[in-house]
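So the sequence lines, in the order shown, correspond to chains A and B. By the numbering used here, the letter at position 69 of the first sequence is numbered 69, and the numbering carries on one by one without gaps. By the numbering used here, the letter at position 129 of the second sequence is numbered 1129, and the numbering carries on one by one without gaps.
There's no promise every hint is true.
[To be verified] With a Cα cut of at most 20 Å, we get these calculated PhoX-like pairs of lysine-lysine: (1) A:Lys174 - A:Lys87; (2) A:Lys197 - B:Lys1125; (3) A:Lys193 - B:Lys1125; (4) B:Lys1106 - A:Lys100; (5) A:Lys174 - A:Lys201; (6) B:Lys1125 - B:Lys1088; (7) B:Lys1106 - A:Lys107; (8) A:Lys200 - A:Lys163; (9) A:Lys95 - A:Lys107; (10) B:Lys1051 - B:Lys1106; (11) B:Lys1051 - B:Lys1088; (12) A:Lys95 - A:Lys85.
[Said to hold, decoys possible] Stretch-level coverage of chain B by chain A, calculated; a stretch enters the list once three of its residues show a Cβ under 8 Å from a Cβ in chain A: (13) 1074-1083; (14) 1105-1113; (15) 1118-1131.
In short, the hints are calculated from the structure, not lab data. Cβ atoms here follow ideal geometry from the backbone N, Cα and C, with glycine treated the same way.
Here is how the chains run, residue by residue.
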Amino acid sequence: MKPNMSSLSFLRSSGILLSLCALLIISIGCATKVRYGDAQQQETLTADFGSTDLQLIAEKMVNSMLRIPLFERGERPVVFVSSVKNKTMEHIDTKAVTDKIRTAMIKSGKVRFTATSDIPTEILDQLEYQRGSGLVDPRTRKEYGKQIGADYILYGEIGSIVKRAGRRKDVYYKITLNLVDIQTAIIEWADEKEIRKTEKKPIIGW
Amino acid sequence: MERKATRTAIVIFALFLLLPILCATSCHRSASNIAIGTVSISGDILSLDKKIVTNDLLLRWRIKILDVKARREGDFIVAQVVLKNNRKRSFNGEYLFEWLDDDGFKIDSPVEHWAPVVIHGEEEKYLQSTAPSPQAVTFKLHFRRPYPVRY
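Start from the sequences and build out the full structure, keeping to the hints where you can.
Dropping the structure here:
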């Protein structure tokens, strides 16, 4: 039996349509998707140290530091930010933690921070340039010996305990920060933040 | 017999229709219930005007905003909101504190973020926040189901 022309053309057009659909689906599936997210949202991709942990630590420490009676005297003491020792097995940018805390504390207007912990050589280079190059107007030239000495040092450490059992992983972080009076070496304030995260890997996959 | 079978079919069909609605209302909602506190200070007396806004009714049945408090510590207001889990099962949620000044302008804080919180069965959870600046007089606690970054 010979197929008629109309059914043949229907089959042909259906085939073209299906191929186009398949092509569209493949192209949509392969396209790289980029979109902006909310930086304040929880991040739960893995149990490793992430942005939410950084924010949790900074929030807890700032909430606690703002309530230190030392900062209520209106003297706006100067703080030197030392390092936060990373005792975990992960790479953690501890400077990002202290930077966040420092920014929030500066915005509160209660404390001042010395930049000598971040850029001591840059400051010295600039002073030497102003004094020695002969290019800077003497009226605006900055003097040696006018820097303000810090009153306190902020330092701390972060540690973790990681346990694995089959597909499960439990991570416990603890960060401690201390504020030390440079004159007396007394720890005037200290606080800590604990974080627990659990991860369960799927049976199939990575 | 035929009527019973039809009724069963209708119920099953209704359940199928309800399932995605229930999922949509409980799993992927980013709307939050809000506790608002506005502090006014005259001399040593601090008064607090409280308000609770419900945007997620199902969440309100599960987690109740029990109490809203504020006090002054030095130049800063410290806010406290108590949440109560009305069920026996633990609840994973997240919260965010926002602070506004006297004119209703938001005070930008580098440490503002959605913080995860676990409230165990029948537990009362105390959430606290210190104002990021002495100008902050109004606080808003947003509480919602977890809404993490989608990958």
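| message | Does Lys163 (chain A) sit within 20 Å of Lys200 (chain A), going by the straight-line distance between their CA atoms? | response | 12 Å, holds
| Restraint status (C-alpha distance of Lys95 (chain A) to Lys85 (chain A) at most 20 Å) | Distance of about 10 Å is within 20 Å: holds.
| query | Does Lys193 (chain A) pair with Lys1125 (chain B) here, judged by a C-alpha cut-off of 20 Å? | reply | Distance of about 17 Å is within 20 Å: holds.
| Lys1125 (chain B) paired with Lys1088 (chain B) [C-alpha distance capped at 20 Å] | 14 Å, holds
| said: For the segment 1105-1113 of chain B, count the residues whose Cβ lies under 8 Å from any Cβ of chain A; is that count three or more? | reply: holds (count 6)
| said: Hint check: Lys174 (chain A) vs Lys201 (chain A), CA-CA at most 20 Å. Holds or violated? | reply: 24 Å, violated
| 20 Å Cα cutoff - pair Lys1106 (chain B), Lys100 (chain A) | Given pair Lys1106 (chain B), Lys100 (chain A) holds - Cα atoms ~19 Å apart, limit 20 Å.
| said: Need the status of pair Lys95 (chain A), Lys107 (chain A): alpha-carbon distance at most 20 Å? | reply: 18 Å, holds
| Given the hint that Lys197 (chain A) pairs with Lys1125 (chain B), does the C-alpha gap stay at or below 20 Å? | 19 Å, holds
| task | Starting from Lys1051 (chain B), check that the Cα of Lys1106 (chain B) is at most 20 Å away, please. | result | 18 Å, holds
| Is the Cα-Cα distance between Lys1051 (chain B) and Lys1088 (chain B) 20 Å or less? | 27 Å, violated
| task | Given the hint that Lys1106 (chain B) pairs with Lys107 (chain A), test it: the Cα-Cα distance must not exceed 20 Å. | result | Holds - the C-alpha atoms of Lys107 (chain A) and Lys1106 (chain B) are around 14 Å apart, at most 20 Å.
Going through the hint list in order, the structure does not satisfy hints 5 and 11.
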